[in-house]
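Turn these sequences into a full structure, and let the hints steer you where they fit.
Now for the letters of each chain:
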Amino acid sequence: MKQKAGRGNSKAVSYNKWGYIFLIPFFAVFIVFQFVPLVSTVYNSFFENYRSGLIQVGPNFIGLENYKTLFTNGELLTYTKNTLIMWVMGFIPQIIVSLLLASWFSDQRLRLKATSFFKTVIYLPNLIMASAFAMLFYTLFADGGPINLILMQLGILQEPFKFFSSIWGSRSLVALMNFLMWFGNTTILLMAGMMGIDPALFEAAEVDGATSTQVFWKITLPLLKPILLYVMITSLIGGLQMFDVPQILTNGKGEPVRSTMTLIMYLNNHLYSKNYGLGGALSVCLFIITAILSLIIFKVSGNDKKAR
Amino acid sequence: MEQNMNEKLDKGLNIKTRRLIAYIVLIFLTFLCLFWFYVLFINATRSNGELKKGFVPIPSTHLIENWKNLRAGILPVWQGMFNSLIVSTLCAVFSTYFSTMTAYAIHAYDFKLKKPIFTFILAIMMIPTQVTALGFVQLMTKMKMEDSLIPLIVPTIAAPVTFFYMKQYMESTLPLSIVEAARIDGSGELRTFNHIVLPLMKPAIAVQAIFTFVLNWNNYFIPALILHSDNKKTLPVLIAQLRSADFLKFDMGQVYIMIAFSIFPVIIVYLLLSKFIVQGVALGGVKG
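One line per chain: the protein sequences are C and Z, in this order. The numbering of the first sequence is the numbering used here, which starts it at 163 and goes up by one. The numbering of the second sequence is the numbering used here, which starts it at 13 and goes up by one.
Among the hints, erroneous ones may be present.
To be verified - Ranges of calculated distance between the beta carbons of each label pair, as one might list FRET restraints:
1) C:GLN376 - Z:PHE47: 29 to 37 Å
2) C:ARG271 - Z:MET93: 43 to 51 Å
3) C:ILE458 - Z:GLU183: 20 to 28 Å
4) Z:MET93 - C:ILE450: 34 to 42 Å
5) C:LEU216 - Z:ILE86: 26 to 34 Å
6) Z:THR141 - C:ILE312: 35 to 43 Å
7) C:VAL369 - Z:ILE70: 51 to 59 Å
8) Z:THR131 - C:LEU319: 53 to 61 Å
Stated by the list, open to error - Some, not all, of what chain Z presents toward chain C, calculated at C-beta under 10 Å:
9) CYS45
10) TRP48
11) LEU52
12) GLY66
13) LYS124
14) MET138
15) THR144
16) LEU151
17) ASN230
18) ALA252
19) MET264
20) TYR268
21) MET270
22) VAL281
Hints are computed from structural coordinates only; laboratory data are not their basis. The beta-carbon is built from N, C-alpha and C at its ideal position, and this holds for glycine as well.
Written as structure tokens, this is what we have:
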């Protein structure tokens, strides 16, 4: 008996070593392609290392000097502001429209037809290559492009509106594209959340004679809070990584007067000019901000689990 | 009684107007989503001269001519399409296979570090590739892998998001008794994984393969930093090149057809698989 148990145990152990074996590919690749680069990025942030013309300066150890430069030369603040402005301009309509659509799609009383068609269409822009979509917007909204031509043919405009010379024109285009690319995705996430709400609650509200507006504000929205927070923070993390759209739309220049220059475009410029010191410091800052935001998600979804 | 009837009527009307508003908003949003691609399609069929004259909402006859002009130009579009296909396909294969394997390791085995490793993988899920890009590019230069497709493919083996999806799916659909039965039949662990677990995971693998494919098809940031020679570039990098070349000064027909060439394959695939994809998003989104 005893022997048998012992054998079983050792067999379990020999099976369980396969757990580690199956983890090898993931961790080997993670260490080489993510962890080592992360460490070397942090390491780089403490060195003076850039090119000025043909002269290579550094690498010399300068401690926190890069971080000081980053925070005092004012560029970081401007680009953070740009990124956040464009994110907010896209996110506010996105969350409003998504909440509205999700509550319509999941409302049994409304009985909308062709919902799967609408879902398919609103999710479509999310899969479009962001760079090609931005290039498309650039050509469509160009001074002599189709949008201006259409608006002039309809008599709305007398002369072409120069979208790319106007600060708010270009920012609005970036925000519009972000909105278009993400509201379908958010709608589907919120809908999944709404489906998870106990239908008995809605029935009880109906029996009590609550209007659909009351149901939305008093039942759906409060119960959706964890998912809303999740959507908001993941969207903010995504917003901080905003790059493809403004990069292609403005050809990497963030024009006019750098009003559409985002944080990652700033990082990209450092990587291209091989200013590894400042680039490293900027990466570390972005890493820390993302880590804090992710921690909030972790906490929220953890509490959510406990509540259930 | 009558009052009650009135109330009901009121509610009924209310629902009708609400339904009408819902349809109007939905149709407007549908228009907002599709309008750009419609204009793109129309303009891809028109010659440069026609494009300059004004916008006409019906297709013209210059689609093939534009395509030939683009092929004769400096951008290696076929090569770009080919590179994009290679990278995206291999990424989809590697990412789903190894993520399933990682998820299986956590799901099916009991070992000391199981819990901390699971938490660790969830924790690294949110690290954006951009913040490690600096070290990544330096490392690739040192490893002589710059200007090669390998650094775009191999890193997808460690894909925490795909891993998480697979883990969730296993929890709901993969009973460990099947694995036990395979063991009793004398199947080795790797064999069990390849021949029993993988086929059972097919639906999840299909969804994640599509997502990984599209993600890498559209990826621009890292390829732009890694790829330098024209015959290695993927489509997004070529699009960026098109933008910086200021093509607007000459043939717009070519510009439109190039954009259409990168966008329409994804749209067609999406329309064929849309049911899968929309469900996949909903499933992946409900975390916890």
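Hint check results:
no. : hint                            : result
1   : C:GLN376 - Z:PHE47: 29 to 37 Å  : holds, 36 Å
2   : C:ARG271 - Z:MET93: 43 to 51 Å  : holds, 48 Å
3   : C:ILE458 - Z:GLU183: 20 to 28 Å : holds, 25 Å
4   : Z:MET93 - C:ILE450: 34 to 42 Å  : holds, 39 Å
5   : C:LEU216 - Z:ILE86: 26 to 34 Å  : holds, 29 Å
6   : Z:THR141 - C:ILE312: 35 to 43 Å : holds, 38 Å
7   : C:VAL369 - Z:ILE70: 51 to 59 Å  : holds, 55 Å
8   : Z:THR131 - C:LEU319: 53 to 61 Å : holds, 56 Å
9   : CYS45                           : holds, 5 Å
10  : TRP48                           : holds, 6 Å
11  : LEU52                           : holds, 6 Å
12  : GLY66                           : holds, 5 Å
13  : LYS124                          : holds, 9 Å
14  : MET138                          : holds, 4 Å
15  : THR144                          : holds, 4 Å
16  : LEU151                          : holds, 6 Å
17  : ASN230                          : holds, 4 Å
18  : ALA252                          : holds, 6 Å
19  : MET264                          : holds, 7 Å
20  : TYR268                          : holds, 7 Å
21  : MET270                          : holds, 8 Å
22  : VAL281                          : holds, 9 Å
In this structure, every one of the numbered hints holds.
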